[in-house]
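Trainee: Letter by letter, the chains look like this.
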Amino acid sequence: MPDTPDTPEQTPAYTASLNVTAWNPGEDVIEVQRTPAPGAARGTWRAFRETARGLKTTFGRIAEGPSTIQYPEEKVPVYPRFRGRHKLHKFEDTGLEKCVGCSLCAAACPADCIRVVAAENTPENRVSAGERYAAVYEINLSRCIFCGYCEVACPFDAITMGHDYELSDYSRSDLIFTKEMLLAEPLERTPLRREGE
Amino acid sequence: MLAVVGYYEPWWIQIVKAIVIFAVALQLVPVVLMAERKIMGRMQGRYGPNRVGPYGALQPLADILKLLTKEQFRPTTSVGFLFAAAPLISILTAVAAFAIIPFGDAQDIFGTKVGLYGVDVSIGPLYVFAFGAIAFYGIMLGGWSSGSKYSFLGAMRGAAQLISYEVSQGLALVGVIMTAQTLSLTGIVHAQGGMWYVVPQFFGFLVFLVAGFAETNRAPFDLTEADAELVGGYNTEFGGGRFASYYFAEYLNVLVISGIVTTIFLGGWMLPFGIHPPGWVDPFVVLFKMSLITFLFIWVRATLPRLRYDQLMSFGWKVLLPLATLNTLVTAIVVVAAN
Chain A
0 MPDTPDTPEQ TPAYTASLNV TAWNPGEDVI EVQRTPAPGA ARGTWRAFRE
50 TARGLKTTFG RIAEGPSTIQ YPEEKVPVYP RFRGRHKLHK FEDTGLEKCV
100 GCSLCAAACP ADCIRVVAAE NTPENRVSAG ERYAAVYEIN LSRCIFCGYC
150 EVACPFDAIT MGHDYELSDY SRSDLIFTKE MLLAEPLERT PLRREGE
Chain B
0 MLAVVGYYEP WWIQIVKAIV IFAVALQLVP VVLMAERKIM GRMQGRYGPN
50 RVGPYGALQP LADILKLLTK EQFRPTTSVG FLFAAAPLIS ILTAVAAFAI
100 IPFGDAQDIF GTKVGLYGVD VSIGPLYVFA FGAIAFYGIM LGGWSSGSKY
150 SFLGAMRGAA QLISYEVSQG LALVGVIMTA QTLSLTGIVH AQGGMWYVVP
200 QFFGFLVFLV AGFAETNRAP FDLTEADAEL VGGYNTEFGG GRFASYYFAE
250 YLNVLVISGI VTTIFLGGWM LPFGIHPPGW VDPFVVLFKM SLITFLFIWV
300 RATLPRLRYD QLMSFGWKVL LPLATLNTLV TAIVVVAAN
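From first to last, the protein sequence lines are chains A and B.
Note that numbering that gives the first Met the number 0 gives residue 99 to position 100 of the first sequence, counting from 1, and the numbers run on in steps of one.
Note that numbering that gives the first Met the number 0 gives residue 16 to position 17 of the second sequence, counting from 1, and the numbers run on in steps of one.
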């Protein structure tokens, strides 16, 4: 190493100009105030007093009442950006599906839970606004990790993450949601948290 | 040995009383169980069980049904009939100890004099200690015969805990016995006509209560169970009805200790300020006082963390035992000086 520093930042004059002092390890030590170790009688009294204090605390909790939310009856509202079960969307005016079967969602899916089979729109059977539509659109919700990448990948906002989270079922095959299920409105609406709530 | 003091009862009254006491004990345990879960829930900001029946009142029933219909599992390492017998020892001693709690004075019922207690033995507290000591065979044999290390460790802790705390518990009562000059529990209640022993024997009361927590293996002295370290301690390998027996015995022991504390320190069926209600009120007074002590048991369980093993030992030998001894000594001097 050469004696002269390479950069101006390391010169002593520059360091001094920053008003930096050398770190003194003893400087930051805080003296801990310790009471002398209690003897038998004092220690017993302290244990007794602290026990009484603890009892007071727990007794006070009775008056505060439970903070439990009685789940199936009461539900915590979800935030607007909560990522729940997916929804497929239609155009409100024409009633055509937004999904054009491009499979970008399936490509983006890290859990590989989306299956799209596209088909051509024909003049007699027009399903979507684009050239093609999704003949099969399935999401395997037992694999989905609710990351929302499908929503981000979709160029037509055809798929979004909804707010439903009550998705348990009795068999795995029931958790494969088809296009019709994803297009339909959910049976029970999940409460949504309003602004400022 | 089990001399009945003061009066004579026909044999059939003894049998009826035995049945009644067993029935009462069986009814009280689910109540205590439910109360514990509800009160602890409230103290921890929860509701406690509230799904089965109104306000969850049928939860203990559901639990008991579940436990009784479960498979009687036993590990291949378990030892012979002891594995099956150990829970029975626990439950037997708990019910037997319950028999001597006086729920009231001797009453005239249809012209027959009946004491509202199983039996008024002339050795009172010794009877409780005797059955308390046998109860530990239930825990020790259960833990040992499971053939599991967790159970064994729990059982060994239980044994050490018994030795440490039963000494102080016994000594704590000596002061009361010296003051009352009798070992009969009804006699001790009668001796409290002027003042409940909780006042003159306050330290005896404290020591007895704390030792009672240890005797019943309740928090903060539940090292025999210690779910955090020993899975379930002595009852790790027990399931179904056998586990239910242990569970039942634990709560019945809580009731027994509550009853003994009520009888010996809180004046039994006596009411303060010289109120003398008719005889049928007595059991309710006793039950009310018992429920207060039981509440304390629950309250402490919701509050205090479990002691470390060495803390348990040093607390028993270095704090409780000297305190109990000092209490006995001072009481002895006062009693002699007063006479």
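In short, the hints are calculated from the structure, not lab data.
All C-beta atoms, glycine included, are put in the ideal place defined by N, C-alpha and C.
The reader is advised that the hints may include incorrect statements.
[Said to hold, decoys possible] Think about it this way: if two alpha-carbon atoms lie no more than 20 angstroms apart in a straight line, the pair counts; the simulated EDC-like pairs of lysine to aspartate or glutamate are: (1) A:Lys97 <-> A:Glu184; (2) A:Lys97 <-> A:Glu49; (3) B:Lys317 <-> A:Glu49; (4) B:Lys37 <-> A:Glu165; (5) B:Lys37 <-> B:Asp62; (6) A:Lys74 <-> A:Glu137.
[Claimed, not checked] Computed beta-carbon distance windows for the label pairs: (7) B:Gly146 <-> A:Tyr78: 37 to 45 angstroms; (8) B:Phe287 <-> A:Thr34: 51 to 59 angstroms; (9) B:Val30 <-> A:Glu30: 52 to 60 angstroms; (10) A:Thr34 <-> B:Lys148: 47 to 55 angstroms; (11) B:Val333 <-> A:Gly38: 25 to 33 angstroms; (12) A:Gly64 <-> B:Gly146: 40 to 48 angstroms; (13) B:Phe294 <-> A:Tyr78: 38 to 46 angstroms; (14) A:Ile61 <-> B:Ala83: 47 to 55 angstroms; (15) B:Phe287 <-> A:Gly53: 19 to 27 angstroms.
[Unchecked claim] Here chain A is said to cover these stretches of chain B; the calculated rule only asks that three of the stretch's residues, wherever they fall, bring their Cβ under 8 angstroms from a Cβ of chain A: (16) 38-45; (17) 297-307.
Trainee: Decide, hint by hint, whether the structure agrees.
Mentor: Okay, the hints, checked on the actual structure:
no.: 1; hint: A:Lys97 <-> A:Glu184; in the structure: holds (16 angstroms)
no.: 2; hint: A:Lys97 <-> A:Glu49; in the structure: violated (66 angstroms)
no.: 3; hint: B:Lys317 <-> A:Glu49; in the structure: holds (19 angstroms)
no.: 4; hint: B:Lys37 <-> A:Glu165; in the structure: violated (28 angstroms)
no.: 5; hint: B:Lys37 <-> B:Asp62; in the structure: holds (15 angstroms)
no.: 6; hint: A:Lys74 <-> A:Glu137; in the structure: violated (28 angstroms)
no.: 7; hint: B:Gly146 <-> A:Tyr78: 37 to 45 angstroms; in the structure: violated (53 angstroms)
no.: 8; hint: B:Phe287 <-> A:Thr34: 51 to 59 angstroms; in the structure: violated (42 angstroms)
no.: 9; hint: B:Val30 <-> A:Glu30: 52 to 60 angstroms; in the structure: holds (55 angstroms)
no.: 10; hint: A:Thr34 <-> B:Lys148: 47 to 55 angstroms; in the structure: violated (41 angstroms)
no.: 11; hint: B:Val333 <-> A:Gly38: 25 to 33 angstroms; in the structure: holds (27 angstroms)
no.: 12; hint: A:Gly64 <-> B:Gly146: 40 to 48 angstroms; in the structure: holds (46 angstroms)
no.: 13; hint: B:Phe294 <-> A:Tyr78: 38 to 46 angstroms; in the structure: holds (42 angstroms)
no.: 14; hint: A:Ile61 <-> B:Ala83: 47 to 55 angstroms; in the structure: violated (41 angstroms)
no.: 15; hint: B:Phe287 <-> A:Gly53: 19 to 27 angstroms; in the structure: holds (26 angstroms)
no.: 16; hint: 38-45; in the structure: holds (count 7)
no.: 17; hint: 297-307; in the structure: holds (count 5)
Of the hints listed earlier, those the structure fails to meet are numbers 2, 4, 6, 7, 8, 10, 14, in rising order.
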